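Peer 1: Listed below, chain by chain, are the residues.
Number of protein chains: 2
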Amino acid sequence: MEKIRRKMGKFLKLISLDEALDRIRNTAWDTPKKESIHVASSLGRISAGDVTAKSNFPPWNRSLVDGFAVNLSDCKSASDTNPVTLETNGVVEAGRSRFDKYIEGKCTEIYTGGIVPDSYDAVIMAEDCIIEEGNITITSVPKQWANIERAGDDLRGGDMILAESSVIKPWNITALVSSGVETVDVFEKIRVGVISTGNELFSDAEGKIPNTTQNLIVNYLNRGFIEARAAGIAHDDSREIRDMINVALKENHCVVVTGGTSLGGKDEVPEAMSEISNVVFGGAMIRPGRTMTLYESDGKPVFSVSGVPVPSMLSFDLFFEEYVRTVTGLKEYRKTLTATLSSNVSNKAGYAGIYRVNLISGEDGEVAEVIKTHGSGSISSMLKSDGTLVIPGTVEGLEAGEHVKVKLFGDFY
Amino acid sequence: MEKIRRKMGKFLKLISLDEALDRIRNTAWDTPKKESIHVASSLGRISAGDVTAKSNFPPWNRSLVDGFAVNLSDCKSASDTNPVTLETNGVVEAGRSRFDKYIEGKCTEIYTGGIVPDSYDAVIMAEDCIIEEGNITITSVPKQWANIERAGDDLRGGDMILAESSVIKPWNITALVSSGVETVDVFEKIRVGVISTGNELFSDAEGKIPNTTQNLIVNYLNRGFIEARAAGIAHDDSREIRDMINVALKENHCVVVTGGTSLGGKDEVPEAMSEISNVVFGGAMIRPGRTMTLYESDGKPVFSVSGVPVPSMLSFDLFFEEYVRTVTGLKEYRKTLTATLSSNVSNKAGYAGIYRVNLISGEDGEVAEVIKTHGSGSISSMLKSDGTLVIPGTVEGLEAGEHVKVKLFGDFY
Chain A
1 MEKIRRKMGK FLKLISLDEA LDRIRNTAWD TPKKESIHVA SSLGRISAGD VTAKSNFPPW
61 NRSLVDGFAV NLSDCKSASD TNPVTLETNG VVEAGRSRFD KYIEGKCTEI YTGGIVPDSY
121 DAVIMAEDCI IEEGNITITS VPKQWANIER AGDDLRGGDM ILAESSVIKP WNITALVSSG
181 VETVDVFEKI RVGVISTGNE LFSDAEGKIP NTTQNLIVNY LNRGFIEARA AGIAHDDSRE
241 IRDMINVALK ENHCVVVTGG TSLGGKDEVP EAMSEISNVV FGGAMIRPGR TMTLYESDGK
301 PVFSVSGVPV PSMLSFDLFF EEYVRTVTGL KEYRKTLTAT LSSNVSNKAG YAGIYRVNLI
361 SGEDGEVAEV IKTHGSGSIS SMLKSDGTLV IPGTVEGLEA GEHVKVKLFG DFY
Chain B
1001 MEKIRRKMGK FLKLISLDEA LDRIRNTAWD TPKKESIHVA SSLGRISAGD VTAKSNFPPW
1061 NRSLVDGFAV NLSDCKSASD TNPVTLETNG VVEAGRSRFD KYIEGKCTEI YTGGIVPDSY
1121 DAVIMAEDCI IEEGNITITS VPKQWANIER AGDDLRGGDM ILAESSVIKP WNITALVSSG
1181 VETVDVFEKI RVGVISTGNE LFSDAEGKIP NTTQNLIVNY LNRGFIEARA AGIAHDDSRE
1241 IRDMINVALK ENHCVVVTGG TSLGGKDEVP EAMSEISNVV FGGAMIRPGR TMTLYESDGK
1301 PVFSVSGVPV PSMLSFDLFF EEYVRTVTGL KEYRKTLTAT LSSNVSNKAG YAGIYRVNLI
1361 SGEDGEVAEV IKTHGSGSIS SMLKSDGTLV IPGTVEGLEA GEHVKVKLFG DFY
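Protein sequence lines correspond, in order, to chains A and B. So the first sequence is numbered by the working numbering: it starts at 1 and just counts up by one. So the second sequence is numbered by the working numbering: it starts at 1001 and just counts up by one.
Some clues are possibly wrong.
With the Cβ distance kept under 8 Å, some of the chain B side facing chain A (calculated, not the full set) [said to hold, decoys possible]: (1) 1032; (2) 1056; (3) 1072; (4) 1075; (5) 1152; (6) 1154; (7) 1155; (8) 1157; (9) 1158; (10) 1171; (11) 1173; (12) 1220; (13) 1340; (14) 1383.
Don't read these hints as lab results, they were simulated from the structure. All figures in this text were calculated on a predicted structure; none of them were measured in a lab. For each residue, glycine too, the CB sits at the ideal point set by N, CA and C.
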């Protein structure tokens, strides 16, 4: 009973979500190292600097169609009543020849992707002319540069093709390679070690439960720029926990510890952390997840979350996002969109509420249906969730029809 | 010139998008094998059958808070004017002990996650009672089952926790493990081999261009249930191409060949495929991508797409999606949402148009801004795209303010 009273005092020290996020922004975290890697290996990583195109793309004028390259001066008078016939003097196919032997009054057969010889300034589609052996006949004057993609039309040397602190997508790689960029500066992957604690996770426990929290957090976090992994399971023993955290801190940028703390009973994690860290904050006014504590150990964050899978994942991700933004400058951590609430939601005064949301693609837009949960651990509530809605502690409720921001769950959904 | 005329005939055989999708649905494709794997390895895979919970979760009544487990019959008269004091007779912590020694008139200290002994039917939060050494005092009667998550509250044996043909998310795994399911039937990963063709991709080519298409398609496709990989680069030589396709067909469910075909010049891929396959369709009324041809070779699809990266990726994915749906029954291939068009869009009559869309999270909902492209290959247009909008060939245009369905680009964005 001593413990429960001791911890009750702690309950009063909960800070607001905004204050907690502020403290994360204002802590001097170690920054993940920047590394220069080959563009082809950079998918999903966070860029560590602006990148601009080194050269034009396409590097030369190229044909967008199959047809005939012409010089407009040879077509000037073409009309229905005055058809113009041009003799062909050769052929250009992509990658096959850089044919350029323009002769006044002649045209060149050309295929999609072929380099348009410098003497030509339009390509007439094959469908738009009468083709006879050795020559073509046209009945209208093409527009200048018709069916030609000009050098640099797509990407021009100096164009911004990858902004600092953004996630590298497949097409960023295409743009980088196409414009002559071979290596790119990125942040190393953010390594996250997830430790679970709890006697109930061991096979000799009375009331053993499966260790789902560790797996859930690892799976939820893993993305191109994050490398999350299980980093052990400890008993409710502060020394065992501390040893495991120390190992995980050596190998990772960030450590998450599940269980081993509660408002009442368990305090093995606080005990384990007391000598090796400072408390950034000990609990925040959020639901679920108010007991989450953030420690700083030699510039690295250690997140202590509850052992209950869903609430610990949801609340942890809110703070981890802020940490990632702070150390990498990343702007969009998960895609956020605007939706319309389907029904009233009441929110406990003072607490920022994290709500699971089912998105319905309606006739007029996205409809957000807040999923009712009973019990903080509701796994079933996740099964039809598409994302989360956070209602600030200053707002006691929202009404049906209000517009809200929903943060989509990551990769697969 | 013979070639360009021969191919012009083919142009007339383009079928509608709907017809092309119908043909994909109606072709007898080989189905990816089903395999039974451990739940922990199933992230991102497509389930090959409904899965229901084997057992209840939680398996027993457990406390949602730190506090005191009571039997309501001992609290009946509690009120402000008639406070009730209960002696504590022990403690329950998660995984530590399954204490159950109920004595009438006594309560048990309990911590979050602790198993509530069968004799108790409510837990009073520590904050809601006066705690003194050895006993607690309450001034109101708790509701029955207050602060208790009852056995099976979250998942009940027999509940559907994973529907057939859906992508397995992190929380599906949590639900499966929590309810006693250890293995799950999934489709093997759909293996896609991507072959690039074109003399212009080789270092000795005049007008060499980097092979970005292969990398783009591989990166774009790769997800939990797809394993895409580069399967070679061939010259514009039908025999070389056919040999490469034959190898790729042995190793993959599906093959994509970029380049080597156009309305006019190149016909190495048709030549390579002529002896080893049937044509499912040869060109469809879509823009971009009308030259895409789909072959069927011994039950496997071979997609022949242009060599231009962005249009080939966008058009290919439309048909590949239908193939995946057909062979696995998958419902949501990529997330689709409703947005409001920011400005008028005109669509070429007869052609289903694939438009790149930038989504803006507005005050009232998502706004879809169609990105203008010049030249079919526009890489730059992708850099700010969030997804695609397909306008059917029967629709000549959409007006600002209309609601449209936008299919979001996958994983990272």
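Peer 1: Please list, smallest to largest, the hint numbers that this structure does not respect.
Peer 2: When the structure is compared with the hints, numbers 1, 2, 3, 4, 5, 8, 9 turn out to be violated.
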